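Chains U and Y, in that order, are what the protein sequence lines are. The UniProt record's numbering puts the first residue of the first sequence at 1, with every later residue one more than the last. The UniProt record's numbering puts the first residue of the second sequence at 1, with every later residue one more than the last.
The hints are simulated quantities; they were obtained by calculation from the structure and are not laboratory data. Please note that a few of the clues may not be correct.
It does not matter which identical chain is used: a pair holds within one copy or between any two.
Claimed, not checked - Think about it this way: if two alpha-carbon atoms lie no more than 16 Å apart in a straight line, the pair counts; the simulated EDC-like pairs of lysine to aspartate or glutamate are:
#1 K127 x E42
#2 K85 x E42
#3 K53 x E42
#4 K149 x E180
#5 K85 x D110
#6 K28 x D206
Please read all numbers here as calculations on a predicted model, not as lab measurements.
Each chain, letter by letter, is given below.
There are 2 protein chains.
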Amino acid sequence: MCQLLGMNCNVPTDICFSFEGFSVRGGKTDDHRDGWGIAFFEGRGCRIFIDEKPSVTSPIAELVRRYPIHSTHVIAHIRKATQGKIALENCHPFRRELWGRYWVFAHNGDLQDFDYQSTGVYRPVGKTDSERAFCLILETLQQKFPDGKPPLDQIYPVLKEIADTLSSKGIFNFLLSDGENFFAHCSTKLCYIVRQAPFAAAHLIDQDLTVDFRELTTPSDRVAVIATTPLTDNEVWTPIQPSELLVFQDGLPLKFD
Amino acid sequence: MCQLLGMNCNVPTDICFSFEGFSVRGGKTDDHRDGWGIAFFEGRGCRIFIDEKPSVTSPIAELVRRYPIHSTHVIAHIRKATQGKIALENCHPFRRELWGRYWVFAHNGDLQDFDYQSTGVYRPVGKTDSERAFCLILETLQQKFPDGKPPLDQIYPVLKEIADTLSSKGIFNFLLSDGENFFAHCSTKLCYIVRQAPFAAAHLIDQDLTVDFRELTTPSDRVAVIATTPLTDNEVWTPIQPSELLVFQDGLPLKFD
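From just these sequences and the hints, can you work out the full model?
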């Protein structure tokens with residue numbers, strides 16, 4: 001299994017503090033050492049850093065911890081391999097283009113009875129159940145809305161149906177974004193926190209590190225951080241309920257159910 | 001306009017030496033300072049580093065210069081913007097998936113009379129003529145061979161025809177690879193060198209740096225480096241002829257014409 005980290009904000013923000021705590025779970029405070037990855041949306045652009053090395057020792061992870069990249073939509077993943085060997089092509093997040101936008105996907109879980117063989121235009125490159133699920137999601141959306149991106153209220157029920165179907169085949173916690181919408185689906189375990197004024201200090205669980213957000217923010221900033229398990233020990237994280245699909249917008253969760 | 005750098009080898013090799021010389025053209029020895037990028041294939045996996053900052057000052061380019069990533073198929077690009085603003089989504093190389101493999105593309109040139117509007121499954125995210133050309137290439141290949149990747153001798157004439165057509169609309173030097181085949185098309189300016197035993201020392205044009213490949217290679221190693229203009233001043237680079245489309249395999253150019 002794996003762990004997920006996501007961030008959605010109303011202004012571009014760096015994820016260095018959260019990634020600092022998250023990435024040590026990739027081989028130090030936890031055993032998710034079979035690769036890692038992180039995707040940053042910057043406007044329509046998107047860059048992904050991936051490595052099959054553990055995130056605690058990867059020189060690329062070290063760069064991500066030290067070099068602040070400001071983004072409104074971030075998805076990160078540390079891997080503990082279930083399906084698919086330790087290899088670059090099996091590292092999350094995965095990225096494809098749909099409707100002239102990049103879509104990024106990372107999965108925590110294991111889909112045991114899922115032997116989807118794509119014959120469409122989205123085909124997996126690696127051998128994970130996760131990438132197969134991502135291809136199915138995009139293939140379904142593309143076939144349902146071939147002309148272009150529809151409004152969110154039309155995408156949501158299609159995505160919810162796929163999420164429900166795949167959750168019946170195993171564990172299917174995922175983060176999905178196109179840099180405009182940010183989806184977080186809980187099948188078993190996922191939680192979030194919204195940081196906004198009045199800001200306070202936060203202390204990591206996995207490292208003895210404290211950041212005082214009062215020194216780094218303006219009163220109108222709002223940041224949602226989504227993670228498999230809480231990253232800080234002095235803040236209240238909200239569990240997402242099993243089978244819940246949240247959409248984050250400007251750092252706040254919206255509910256469509 | 002821009003500059004291209006490619007590498008194709010028979011064993012995974014790092015590109016640190018060539019990238020050292022190439023990347024200083026992104027703002028120091030030349031003025032290609034509007035972003036840069038590099039793609040490494042590792043088996044079926046592929047990772048891309050891109051940045052809209054000049055390659056001479058980008059912290060990510062610094063990582064690529066210092067951290068040896070071993071790959072058999074590498075495509076790099078430094079940008080001087082013609083079409084499309086300076087932004088992450090307009091940085092080369094671009095990547096899409098076709099037939100269950102990643103395809104990577106970088107372009108040097110300017111297609112003036114090219115207003116292709118994709119209505120298919122490959123749509124540009126950014127605003128460059130280059131990404132539009134890449135989408136046209138993949139859309140054409142996908143429609144021609146919808147079931148899966150055909151042999152190289154079937155792909156080649158289709159690609160050659162697109163390259164010829166687009167070259168009539170402006171300058172269209174490009175590098176294209178799926179990690180298995182490596183295509184290099186010259187419309188106006190592109191050259192290459194094949195390094196193999198007996199190896200010698202090479203000295204960069206853009207930096208006073210010499211590497212003695214005798215110390216770093218085994219007798220069976222073979223590496224082709226492809227670039228817009230030669231990177232070294234003590235080796236003989238072979239110009240690719242205008243309208244020539246070469247396929248590199250295990251560090252050697254094949255000709256299909």
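Verification of the hints:
1. Only between protomers do K127 and E42 lie at most 16 Å apart by alpha-carbon distance; the minimum there is 15 Å, versus 29 Å within a single protomer.
2. With identical chains, the CA atoms of K85 and E42 are at most 16 Å apart between copies only, with a shortest distance of 14 Å across copies and 31 Å within one.
3. In this assembly of identical chains, K53 and E42 lie within 16 Å of each other by CA distance solely across copies; the values are 13 Å between and 25 Å within a copy.
4. Taking the closest pair of Cα atoms, K149 and E180 come within 16 Å of each other only inside a single copy of the chain (11 Å); across copies the shortest separation is 33 Å, beyond that limit.
5. Taking the closest pair of Cα atoms, K85 and D110 come within 16 Å of each other only inside a single copy of the chain (14 Å); across copies the shortest separation is 42 Å, beyond that limit.
6. Within a single copy, K28 and D206 get their C-alpha atoms as close as 9 Å, which meets the 16 Å cut-off; across copies the closest is 42 Å, which misses it.
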